[in-house]
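Asks: These are the residues of each chain, in order.
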Amino acid sequence: MNSFFKYFSDIFHGVKSLLIGMSVTGRYFFSPGQIVTQQYPENRKNLQMFERFKGEVIMLHDENNQHRCNGCGICENNCPNGSIEVIPVKITGEDGKPKRIIDKHIYHLGMCTFCGLCVKSCPSNALGFGQEFEHAVFDRSKLNKVLNQPGSSIIKGVE
Amino acid sequence: MKEIVNLPVSKIEEEEYHINMGPQHPSTHGVLRLLVSLQGEMVKSLKPHCGYIHRGIEKMCEKDTYPQVIHLTDRMDYLSAHINNHAVCLLVEKALEIEVPERVKYIRTIMDELTRIQSHQLWWSSFGMDLGGLTCFFYGLRDREMILDIWEETTGSRFLQSYNCPGGVMQDIHPNFQKKVHAFIKTFKKKIKDYDRLLSGNVIFENRSQGVGLLSKEDAISYGVTGPSGRGSGWSCDIRKVEPYSMYSQVHFNEVLRYECDTYARYMVRMQEMHESMNIIEQLIDNIPEGDHSAKMKAVIKLPAGEYFQRVESARGELGVYVVSDGNKTPYRMKFRTPSFTNLGVLDHISRGMKIADLVAIGASLDLVIPDIDR
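Each protein sequence line maps, in turn, to chains G and E. For what it's worth, the working numbering labels the leading residue of the first sequence as 29, then goes sequentially. For what it's worth, the working numbering labels the leading residue of the second sequence as 11, then goes sequentially.
Extracted from the complex, chain E is given alone in its bound form (with noise of 0.2 angstroms):
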């Protein structure tokens, strides 16, 4: 057995240490185990130990037909299932050559910036936590169950929809879908100030968050940081706009950037995007077109053999879903890269020389959904 020794204090601060951040840590939102070495308070290094949640999602596609395959994408992203299904789903009609009718792209559309703003709201809702204000917590949660009605009035389920099928959405939306969408964007609007006021402004939400978590433009674009992390440095790299899909490339909106490249710069990239996001949701919901809710499919549906790639903005980030099909109606091989594994790539770099109460600041500003990261 090893002797105890007494180190001396002038020793002690030199020595390392190493303690284990989760897997059951209330700032890591699931199951991340991070092993962060440490001297004194200050984050020497940090490793993510993944795993913990790991499904083997993308082997059990290989498993699945193309409409079954949906289903699982949900929880990978939870917060954004709705994004998640229209990936795969413009992968497939991409892969046929089907062209949607013209009311589904616009369902989905307003689909995808509601599932925005819902996961924008428990991020700020979880950060304000993070950070010591329970408040926060509670308004966020209380905005936030007006979305789940929404979707639970059309889609039947509040959080993991499946909504979208290759070729067009499961059911029509609710004839109370529109008068529900405006009713809740004038609530919000009125809510979000509360926001601002709540914890933009704090004087101590300030000082935790200006200046901590440096991550250049240079770092984001060489570790892939993509969504509102990346664009909190400065880096425009909105899929929405860069590569549109659906309608967005008939609506106007701004890309918002934040040059700072601090964990406020990333938090007041989220909250600008709400406002953003509400702004097309106005652009589109009166416009909805007459017609059909889904084109016409096959019942069993094959992929021509070959490689396919889709890339959409989730909340989060880029997400990218890659088919390899050799022709029958399961995939071959099925890829998924998610924003949250590539963010958490990057913990690591911008929180060494950090204070480890710092280290929660900058997990929740990045945002990261840990089904996401293992799959």
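Isolated chain G, as found in the complex (with noise of 0.2 angstroms):
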């Protein structure tokens, strides 16, 4: 007689917890309420990363093209997987002095862990996070970029 009722209290609470179960998704189902997916390339123009969203790495450009790195090479010592190359130039500076400035910074997208210790490390803020997070390309090589834009200088007075 035991057995015959557990039979049955089984079925009706297996029965039970299903509905139970089909109740939760019928809800979201009938009134989803806030829509978390979005529409992402067709959004692309209103698309909002945080500030803070580690895209690339950047140097950091004024309104006059001027940025701050020196050519240390602190950023490239403290990369952990090579990723950064400093390659500085010695000039002649105004005052007939030799002077040690930056001919290109070349950063390998490919090689990149986003650790973000390059920006951490440089004395001179001259380094950034940049928002862009579309690194698709067809060519490997179109990854290694060179920071440092074309006929850029150093602000005076970082040096």
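Calculated directly from the structure, the hints in this document are not laboratory data. Treat the hints with care, since some could be wrong.
DSBU-like, lysine-lysine: derived pairs with alpha carbons at most 30 angstroms apart [to be verified]: (1) G/K44 <-> E/K203; (2) E/K203 <-> G/K34; (3) E/K199 <-> G/K44; (4) E/K203 <-> G/K148; (5) E/K365 <-> G/K44; (6) G/K148 <-> E/K115; (7) E/K73 <-> G/K173; (8) G/K148 <-> E/K365; (9) E/K73 <-> G/K132; (10) E/K308 <-> G/K127; (11) G/K170 <-> E/K73; (12) G/K73 <-> E/K104; (13) G/K132 <-> E/K365; (14) E/K345 <-> G/K148; (15) G/K148 <-> E/K73; (16) E/K201 <-> G/K44; (17) E/K69 <-> G/K148; (18) G/K148 <-> E/K104; (19) G/K44 <-> E/K196; (20) G/K34 <-> E/K365; (21) E/K190 <-> G/K148; (22) G/K148 <-> E/K308; (23) E/K190 <-> E/K203; (24) E/K189 <-> G/K148.
These stretches of chain G come out as covered by chain E in the derived footprint (C-beta under 8 angstroms, 3 or more residues) [claimed, not checked]: (25) 48-54; (26) 78-90; (27) 133-143.
Quick reminder that beta carbons are idealized off the backbone N, C-alpha and C, glycines included.
Join the two chains into one complex using the hints; note that each chain is given alone, in its own frame.
Replies: See below:
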């Protein structure tokens, strides 16, 4: 007799638990509330990333095409996987003394792990993170970038 | 060539049958290959084959300086990336005898608990999916998105944050951080009831998990199964209680223990832990003291020669970091005791005699992360 009741109560409780689960999914089906998905390629124009978002490493330039990098190479030393190469060049300064300035600041995006050590360690705050995240290219060599813009120079007083 | 013989049916049942589960099986959640010996549908024995995602992280650490090591630990157990960072930072601070500011301790503890919640959310999602409930996967990931947004705003990354650095954290918390964490806890307290209604009480789920994969307390201790898997067997092994670090000695929370020793017990421990983690965050989030977000550190960090060990409670169990230093700026040897590796060792023992479909449930309940096994 006991097993007889247990058989039917098991069926009853089983069906009840399934109905409770169905009620959860049913509620979301009929009242989806806040939609959490985004229509990604269509919303490109007004897609706003967070301000600290680590998209890629960039060199910060002001409106006169001037940056703050003096080519000291601390970022190159701090990078764990050799994504940064700093190539300095020696020129003669205005006062006639030899001076070391940056020729090329090469950044290998394909090797970067976005640990943020270069940005954190830069003594003159020349580097920052950009918001660009669509990095897919057809050729790997396009991921090697020169960060200082052509024709740019260092801001006076930063050296 | 061997002659093909048609065996009588009774012989076939006695024959042992070897199949490969993985390395591309969806329920192994990565590239784990299990060589399973079957008799009929019963698992006779099981051999895990590791190494498909071995990257040599321990060897790579030997050429990196201590701040550089941290970004590699992200990539071991990627679901508790912040806790792995925390372990290395605690070790460096212990070796250098640095006291970090109070604010750093608060931030780190809150971030650790957020990590634990999102890791358990993803585990719940994939557990439901492995047992055939695809709805769980969508609901779990939907709620996890809120934590990823909180991280993206403060640390700049959604997944592999590298937010800790020796002496503190990389940057101060975002002004919106506290508001967003409050909003998350308020929302998730409602949503977690849905989790219980959807899966915990479900008759199919109960029948597939109760009494499956029994792991006794003695075996859990001798195999070293830590974390929620060990606490499901009644073993009190929470490092946050045994050896408190950061703020854990000053917050009130319960160590969740279950004594049924089966898959369902391991499931319930994780569900309860999400409540406990929210409890810890609520105690800390409003009381973050003002101050610096990092202690003053030298530009080049050199550990004094000697051996150091630090352990923390990651989302999967006990994570130990062992360093031998010869006084240079890079470690002489770095060894990680990762929880997933030891938890994998018990899989053969507890799945013997079970059905092959139960193996999926048992594997999911151990919550294995494969890059954590191979490193």
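Asks: So, for every hint listed, does it hold in this structure?
Replies: Verification of the supplied hints:
no.	hint	verdict
1	G/K44 <-> E/K203	holds (17 angstroms)
2	E/K203 <-> G/K34	holds (28 angstroms)
3	E/K199 <-> G/K44	holds (24 angstroms)
4	E/K203 <-> G/K148	violated (42 angstroms)
5	E/K365 <-> G/K44	holds (27 angstroms)
6	G/K148 <-> E/K115	holds (20 angstroms)
7	E/K73 <-> G/K173	holds (26 angstroms)
8	G/K148 <-> E/K365	violated (53 angstroms)
9	E/K73 <-> G/K132	holds (26 angstroms)
10	E/K308 <-> G/K127	holds (28 angstroms)
11	G/K170 <-> E/K73	holds (28 angstroms)
12	G/K73 <-> E/K104	violated (48 angstroms)
13	G/K132 <-> E/K365	violated (62 angstroms)
14	E/K345 <-> G/K148	holds (27 angstroms)
15	G/K148 <-> E/K73	holds (20 angstroms)
16	E/K201 <-> G/K44	holds (20 angstroms)
17	E/K69 <-> G/K148	holds (25 angstroms)
18	G/K148 <-> E/K104	holds (23 angstroms)
19	G/K44 <-> E/K196	holds (28 angstroms)
20	G/K34 <-> E/K365	holds (26 angstroms)
21	E/K190 <-> G/K148	holds (25 angstroms)
22	G/K148 <-> E/K308	holds (14 angstroms)
23	E/K190 <-> E/K203	holds (21 angstroms)
24	E/K189 <-> G/K148	holds (26 angstroms)
25	48-54	holds (count 5)
26	78-90	holds (count 4)
27	133-143	holds (count 3)
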